[in-house]
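Q: Chains as they are written, first to last, in the working numbering: chain A, 1 to 425; chain B, 426 to 728; chain C, 729 to 1219.
Source of the hints: derived by calculation from the structure; they are not laboratory data.
Bear in mind that the values here come from a model prediction, so they are computed numbers and not experimental data.
Virtual Cβ for every residue (Gly too), placed ideally from N, Cα, C.
Treat the hints loosely; a few may be bogus.
Claimed, not checked - Facing chain B, according to a computed beta carbon distance under 10 Å, are these residues of chain C, among others:
hint: 1; residue: Pro-809
hint: 2; residue: Thr-1030
hint: 3; residue: Ile-1032
hint: 4; residue: Val-1171
To be verified - DEER-style ranges, computed between Cβ atoms:
hint: 5; chain 1: A; residue 1: Ile-75; chain 2: B; residue 2: Phe-507; range: 21 to 31 Å
hint: 6; chain 1: B; residue 1: Leu-451; chain 2: C; residue 2: Lys-1104; range: 14 to 24 Å
hint: 7; chain 1: C; residue 1: Gly-969; chain 2: B; residue 2: Ser-586; range: 51 to 61 Å
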Amino acid sequence: MKMRKFVALAAVASMLIGSLAGCSGATDESAANGGAVGDDAIQNLIAATDGTVSLTVWASEEDQAYTQGLINDFIAAYPDVTFDIQLGSESESTCKDTVLTDIEAAADVFAFADDQIQALVDAGALQPVSAYYTYDVVAENSAGAVEAASVDGQLYAYPMTADNGYFMFYDSSIYTEEDVQSLDSMIAAAEASGTKIGMDLSSGWYLYSFFAGAGLTLTLNEDGTTNTCTFNAEGGTDVAQAIIDYFGTGVLVNMTDDEQATAIANGEISACVNGTWRAETAQEAWGDNYAAAKLPTYNLAGTQTQMSSFSGCKLVGVNAYSDQIGWAMLLAEYLTNEQAQIGRFNERGLGPSNIAAAASPEVQANPAIAALAAQADYATPQRVGGNYWAPAQTLGEILASGNPDNVDLQTLLDTAVEGIEAPVV
Amino acid sequence: MENAIKRNDNFYLKEEKLRSKKKTELVSTVVINVLIAIFALIWIIPIVWLLVTAFSKYTGIDTMHFFPAQGWTLNNFKVVLFEPDSVCQYVAWFKNTFVIAIFSCLISTTFVLMVSYAFSCMRFKGRQTMMKFSIILNMFPGVLSMIAVYFVMKQLGLTNSHVGMVIVYSAGSGLGYLICKGFMDTIPTTIREAARLDGASEAQIFFKIILPLSKPIIVYTVISAFLAPWADFVFAKLMLNSGISSDWTVAIGLYNMLGKDLKSHYFSIFCAGGLLISIPISVLFLLMQKYYVEGVTGGASKG
Amino acid sequence: MASNKEVHASSIGEAFEMFFKNIKNYFADFGKALSKGDIAVKLSTVLMGAGYFARKKFIVGLLTMLMEAAFIFMCIFYAAPNLAKFGTLGDTVRSTQFDPLTMQNTVIEGDNSFLILLNSVIVLFLFVVFILLWIHNIKRAYELQQDYEKGVHINTFVEDVKSLFNGRFNVTLLALPTVGIVLMNIIPILILIAVAFTNYDQQHMPPSALFTWVGLANFKNIINLSSGSSAFGYAFFKVLGWTLVWAFFSTFTCFLGGIVMAKLITYRKVKFPKFWRTLFVVTIAVPQFVTLLLVRYFFGDTGIVNSFCASIGITDFLKSIGLVASHLSYIPFLTHPGWAKFMIIMINIWVGVPYQMLIATGVLLNIPESQIESAKLDGANTWQIFWHITMPYVLFVEGPTLITDFVRNINNFNVIYLLTQDTFVTTNQTLANANAKEVDLLVTWLFRLTNDYYNYKMASVIGIIVFVICAVFSLIAFSRFLANGREESYQ
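Chain A with its partners taken away, still in its complex shape (with noise of 0.2 Å):
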């Protein structure tokens, strides 16, 4: 099977086994900055193992069949062993709330949003990448998805897919290419043809192209549940006022994502920023015309200005409490390998973080995993603290309604940067 690619990579890492066996104390530096150990240490643990290796795997809900049938290929890979491999259903964006609550009692491999990395750490729930065994994680991965993965430097999980950020789909018979270059046009265009733009704009997820691509600066402090951020700083009103004005056209709308799929499908929104996610529902009403692009720039105070992003991975963990850690990560390794991701690209539509996987010309042909290359540029992996979001859903709301409360934006502004870096209470 697919291990026979690493072999070559297997003969280097028994050699880096034997210098390390050599000085035990250097184990874990060099573990921990990514060594590859190779089929050494999978033969000691088929050996070490008697017994059913019984383990829980969550997947999403979307990918319940595509992750059953690599199970399947993995027990397969393994006829010497018995497993018995439970597959559970859990959405990704939501695994930490469930992860959390009883870690223990979680999956021993889970997926999820990387935005959640950053509290599975601090609870423990990961078990750290400290070595791979069948493919080279961080080598293979692009560098975007690597980071996202990792804490402080220390790779935390197993890059899964790299399209979990947004960009905007357009309607092409609306938008010409040159449009989607610009908010501006692209409002008069829709306005043109009586359709409107969506964007969720009542989302700090969302809310964050604007502020972050004028160079406002949001970060997580170092104690890693605190905020750093700057949406306040000087040039902070002038994105509130536009955000209001751009609102405030009635063209671009704020609506949430499901609105927006209802929205697309029966014709009230010709474009809206969204994820690949809702790359279906924009293909199936638009059909040819179905096009993506990277974030359009938007009039701050008179100057164009490049909207960002949160760029966004889905993972693959291993539950530090898991009892089969061995077989936990050679199973995450083995659901985010290149065919895997390969094959969830075929069956899916989801995006590769592998890099040799990314480089097939069928995925540089999705215009949305090309939307969202073009829109990496501008991109941030996403290290928030929770309380950016609630301040941020909460400030988002209002400017898109148009400060009803006609509040002094700086003070809004303020309060909101007050409540997002608030310490957790």
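Chain A is fixed; fit chains B and C onto it per the hints.
A: Only chains B and C this time, still in chain A's reference frame:
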């Protein structure tokens, strides 16, 4: 109906001068019937929406049309009943919920009857204190102590098990004795005293006299205990956290269908599933509404 | 043995007085037993069951002794290790070392603060139970001694068992339900109370991290009204206010609505009353979570009601009279605080009225006909009859249910959660900073704090406050409705 008319006739025969009033009478009859029809319409609209959406070809939430615009289909029911996928395991959920409901209903009913008899028909030291204490405890919503319950059950190794669910639903049921006790309070003491004079023990009185007389309230208790597991999604979601969807109950399963990523594909299936559990529950409820009223208004209506 | 007489307390003050008197008597009896008891009674303090043996009650004695042994066993193997760490709630953090060659973790197990807390609470509870049993054992031994001295017949084991089905049948009846209640209600509530005095939150989350006691810090946090970094005080009073307003309106609108609806349906001019009633009852039968979720989408910002209102001009009309902000193209049924509160109460009427109607119909049928007839003869009109005869009667009958409903509504998780979760976004930054929303009840806020933010310590504080509020309401209500011999009057 019949009686009401007869009564009215009698009433009006007594007062003869009503000829001219007949016209206004007719108008007010029409008005009041229209009024109640409007109310009924308000109450039934969401139910009708549930009904028609369950037969809709469009799987998401149609925000423009009340009646399915893309046509009608039985496919949602087919998916629900015969084509389980990883999201929709309706038949398995139904079985799970049914089994959990049966057992928790048995235990709950037994507990409620036991506690009610003790509090209603026996007098012992500390009875008043215990009653007050249980009333207060019963006011305490489960949501508040959910996490603690979860870990208690985990210590007992009963999470992710249907036995655990049965315990969660039924163990504390003794606290809900109030309505049942109210009913038993209305059974005349003389009956029990006569039995006691005949040499019957308390246990014999309980089984042979009070239980047969409490049929309405037993029906009420049984049905309401049976219905609880069908509606709870908070505890079930917490306790059955293995992610294996075939282990879930109907409520978690349906609730899950409206998750962020799923509802555009599963909304109409959710409606079909919701409709299917509503049918047996409706029947049960219509059957027991008489007892329900009798139970709640209990002693007072006879007093 | 126990006197079968009950004294009814007529006020809460008296109830407390009686309560303390009972406690005093309890310990006085115990003291008397200790001082006046013979050797067997005194031996019972160390060797439980000795008093039974002395009176030839071997089986009961043996069982008591076994229980003591089990207790000592429990102390050594379960209580001691947990209680030893109860003061600090643990000091060792779990650490692991991964060996890339064997692919295994070497684990140094740490302490789990929560399990220590949980087990300690259980142990302390068992201690209390044991002490009560111990006192009972001594008192009983003294009673037996007295019976023996007076030459009263002492029950054999068989007779004891028989009495469990006769005189002491209540013990048999209450045993299992009590165990269940202890497990499901009492222990969790005690744990909840304990957590309120710790710093159990996302930064201190077992099993990977420890938490510890912080005294009253969390309570100070919640009554601290200065906004500053902690918005909890502000949010708490806002949420509490809405909780009470909601509980009041939801209870009374449904109650009145139920009566009106029942009156309407049973009104003599109404055709097909049975049909209408069945129609309303059917709406009860669809599980709440189905209807509420459905209604939420029904009234969504882009939902079908909004499409309808926009197309027939209601939206524009509401805009023109200022009820809907001018920049909106929809009616914010469940997304604007004012609208949402109004709609929630309205939807709750939809949910609750059919229940109340059912009950009210039953009650109304039982109104003594004679009273109404005589009022009519006195020239009272329909309204007067309704307010002066029907309502007082209904209030009398439904009084206890009404109070129960009020408390239930304080904790009405389903309606608020299902209607507003994921859709309602607060625009009040201070509330948002405390993870609260305008439409939150204390329970839903608490649920969000635990479920999404793992802020167990603050959730516990709120939980305790909710508990106190509910307990006060129900105590007042039931000392009125129950203790005043109401139950006896019907027997």
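Q: Run every hint past the structure and note whether it holds.
A: Now for the hints, and whether the structure bears them out:
1. This hint is violated: Pro-809/C has a C-beta 14 Å from the nearest C-beta of chain B, more than the 10 Å allowed.
2. The beta carbon of Thr-1030/C is positioned within 10 Å of a beta carbon in chain B (closest approach about 5 Å), and the interface hint is therefore held.
3. At its closest, the beta carbon of Ile-1032/C sits 5 Å from a beta carbon of chain B; the interface hint therefore holds under the 10 Å criterion.
4. Evaluation of the Val-1171/C hint against chain B yields a held restraint, the C-beta minimum of about 5 Å falling below 10 Å.
5. The supplied range of 21 to 31 Å is met by Ile-75/A and Phe-507/B, whose beta-carbon atoms lie about 29 Å from each other.
6. For the hinted restraint 14 to 24 Å between Leu-451/B and Lys-1104/C, the CB-CB distance of approximately 23 Å keeps it satisfied.
7. The given range of 51 to 61 Å is broken by Gly-969/C and Ser-586/B, whose C-beta atoms sit roughly 42 Å from each other.
In this structure, the hints that do not hold are numbers 1 and 7, in rising order.
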